[in-house]
Amino acid sequence: MAKRNDPFHDLERMFSSSFTRPSVPGMPMDLLRTGDEYVAELDLPGVDPSTIDIDIDDRTLTIRAERKAREGEIEWLSKERPTGTFARQLTLGYGVAVDKIDANYTDGVLTLTFPVADEAKPRKIAVNANSESKTIDA
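Position 32, counted from 1, in the sequence shown is what the working numbering calls 26; the numbers after and before it change by one each time, with no gaps.
Errors might be hidden in some of the hints.
Here are the simulated lysine to any residue pairs, SDA-like style, with alpha carbons at most 20 angstroms apart [unchecked claim]:
(1) LYS62 - VAL90
(2) LYS94 - ASP42
(3) LYS62 - ARG82
(4) LYS73 - ASP37
(5) LYS62 - ASP42
(6) LYS94 - GLY40
(7) LYS62 - ILE46
(8) LYS62 - ASP52
(9) LYS94 - GLU31
(10) LYS115 - VAL90
(11) LYS115 - ASP42
(12) LYS115 - ARG82
(13) LYS94 - ARG27
(14) LYS115 - LYS73
(15) LYS94 - TYR32
Hints are computed from structural coordinates only; laboratory data are not their basis.
Model the full structure from these sequences, guided by the hints.
Here it is as structure tokens:
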């Protein structure tokens, strides 16, 4: 079987990798579970805590934050840190107690704690045994 060579595909791949910036999320996040809670840690260095907005609509949690650009006469020698408004959405499952979410911003890290809902925690179900035998008469 002959392999088809597509020069336009190779050219497109070369140009797309050469002229685009690598995709860097505005809010890198770690997500973990510890005991009976989930924890999300989002890096937001340089963000004024008053610009952080967190809301829940149905089971979608939206986080918004703003890092303001420097103002005045500036000659940038290198500018790698993004500025502006960043947003990230998380879809929460039914195993999370959405009414008990806690948020804390310390040293440029936003930590969200999501307790596991009581109905999602493992539990034992007692089995009742009836020692009395019954017969059915026909």
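- Message: Of the numbered hints stated earlier in the document, which are not met by this structure?
- Response: Hints 1, 2, 6, 8, 11, 12 and 14 are the ones this structure does not satisfy, whereas the remaining hints hold.
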